[in-house]
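Participant: Sequence:
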Amino acid sequence: MMVLYLILPLVFYSLVTGVIALTLPLQALMCTLLGAAVTFPVLYCWPYRFDQARRGVMPPIPFQFRGCLPILILLGIGICLSVNNMISLTPLPEWSPGFEEVGEVLYSPPFLIQILGSGLVIPAAEEMIFRGLMFAPLRDRMAFWPAALISAVLFGLYHGNLLQGVYAFLLGLVMAWLYERFQTLAAPWVFHAAANVTSIVIVNTGLVILSEKRSAFAFYTTLALAVVLSVFCLIRIKRKTNIKEEEV
Numbered sequence: 001m002m003v004l005y006l007i008l009p010l011v012f013y014s015l016v017t018g019v020i021a022l023t024l025p026l027q028a029l030m031c032t033l034l035g036a037a038v039t040f041p042v043l044y045c046w047p048y049r050f051d052q053a054r055r056g057v058m059p060p061i062p063f064q065f066r067g068c069l070p071i072l073i074l075l076g077i078g079i080c081l082s083v084n085n086m087i088s089l090t091p092l093p094e095w096s097p098g099f100e101e102v103g104e105v106l107y108s109p110p111f112l113i114q115i116l117g118s119g120l121v122i123p124a125a126e127e128m129i130f131r132g133l134m135f136a137p138l139r140d141r142m143a144f145w146p147a148a149l150i151s152a153v154l155f156g157l158y159h160g161n162l163l164q165g166v167y168a169f170l171l172g173l174v175m176a177w178l179y180e181r182f183q184t185l186a187a188p189w190v191f192h193a194a195a196n197v198t199s200i201v202i203v204n205t206g207l208v209i210l211s212e213k214r215s216a217f218a219f220y221t222t223l224a225l226a227v228v229l230s231v232f233c234l235i236r237i238k239r240k241t242n243i244k245e246e247e248v
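Numbered per UniProt numbering, the sequence shown spans residues 1 to 248.
Careful: at least some of the hints might be erroneous.
Claimed, not checked - Derived DEER-like restraints, expressed as beta-carbon distance ranges:
1. Val153 <-> Leu89: 31 to 41 Å
2. Leu8 <-> Pro146: 29 to 39 Å
3. Leu89 <-> Val231: 10 to 20 Å
4. Gly206 <-> Ala143: 37 to 47 Å
5. Val153 <-> Leu15: 19 to 29 Å
6. Gly18 <-> Phe232: 16 to 26 Å
7. Asn242 <-> Trp145: 33 to 43 Å
8. Leu69 <-> Leu8: 29 to 39 Å
9. Ala224 <-> Trp46: 22 to 32 Å
10. Ala143 <-> Arg236: 32 to 42 Å
11. Met142 <-> Leu24: 22 to 32 Å
12. Leu24 <-> Trp46: 35 to 45 Å
13. Thr221 <-> Met2: 43 to 53 Å
14. Thr23 <-> Glu94: 13 to 23 Å
Please keep in mind that the hints were generated in silico from the structure rather than gathered at the bench. Since we're looking at a predicted model, the values are computed, not measured. Backbone N, C-alpha and C fix where the C-beta goes; we use that ideal spot for every residue, glycine too.
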C-alpha cells in the first residue's frame, strides 16, 4: 500500500504529460511544462495538504526562510557547477550517448520557455512529488538517510539516463536535506530552480567552457570556486536552521 501511495503522484504526472503530448502538437518541454502546471495544484490540494494535516505539519510559509533565500540560490548555483564538473571528470558522459538527444529537447525551445519550464514550473511539480509526497512520508517511518536515499534513487531513475540520473540523485540528497532543515517545499524548490536556471544560462550563453575540460584553467577554477561556495552555503544553512530550532 505504501509503495502504491508513493508512486501514484508520479504516475499521475506522467499520464497528464502523456495525454498532453498525444493531443497537442507541442515540443516535449512544453508538454512537460503544461503537465507540471496541471499536476502541481492537483497534488497540492490533494493528497499533499491532506498528508500535511494528517502529519500535523503546518503548511509551507515562504517568509519563514526568507533570510536564507540568497543562500539557497547560491547553493543551487554552486552545486550545479561543482557536480557537473565532477561528473565531467568521470567516464559517465561517454557511457551516456543518449544524453545529447535529451539536451536537444531541453535546450532547443525558446530561452524564456526553458526558464519557465525547466527553471520554475517543472521543478515545482518534481519537488511536490519527490520531496513532498515521497521523502516526507518515508521520513515519518524511517531515519533521514534511508528516506533521503530512497527518494533520491527514485528521482535519479525518473530522469531515464545514467548521466542525468547520477546528477539528479546527488541533487536529490541535497534537496531532501533542505526539506528536512526547513520543513517546507519552498526551500528545495528554490535550490532546484537555481540549479536548473544555472544550467540553462550556461548552455544558452556559451559558458559551457566552465564545465568542459577544453580550458583546464577555467574548468578547475570553476570547480574549486563552486565547491567552496557550496560548502559555505551548506554550513550557513545548517547554522541558521540550528538557531531556529533552538529558538523554538
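Participant: Look at each hint and say if it fits the structure.
Facilitator: Each hint tested on the structure:
no., hint, in the structure
1, Val153 <-> Leu89: 31 to 41 Å, "violated, 23 Å"
2, Leu8 <-> Pro146: 29 to 39 Å, "violated, 21 Å"
3, Leu89 <-> Val231: 10 to 20 Å, "holds, 18 Å"
4, Gly206 <-> Ala143: 37 to 47 Å, "holds, 44 Å"
5, Val153 <-> Leu15: 19 to 29 Å, "holds, 22 Å"
6, Gly18 <-> Phe232: 16 to 26 Å, "violated, 42 Å"
7, Asn242 <-> Trp145: 33 to 43 Å, "violated, 19 Å"
8, Leu69 <-> Leu8: 29 to 39 Å, "holds, 32 Å"
9, Ala224 <-> Trp46: 22 to 32 Å, "violated, 46 Å"
10, Ala143 <-> Arg236: 32 to 42 Å, "violated, 25 Å"
11, Met142 <-> Leu24: 22 to 32 Å, "violated, 41 Å"
12, Leu24 <-> Trp46: 35 to 45 Å, "violated, 26 Å"
13, Thr221 <-> Met2: 43 to 53 Å, "holds, 46 Å"
14, Thr23 <-> Glu94: 13 to 23 Å, "violated, 38 Å"
Violated hints for the displayed structure, listed by number in ascending order: 1, 2, 6, 7, 9, 10, 11, 12, 14.
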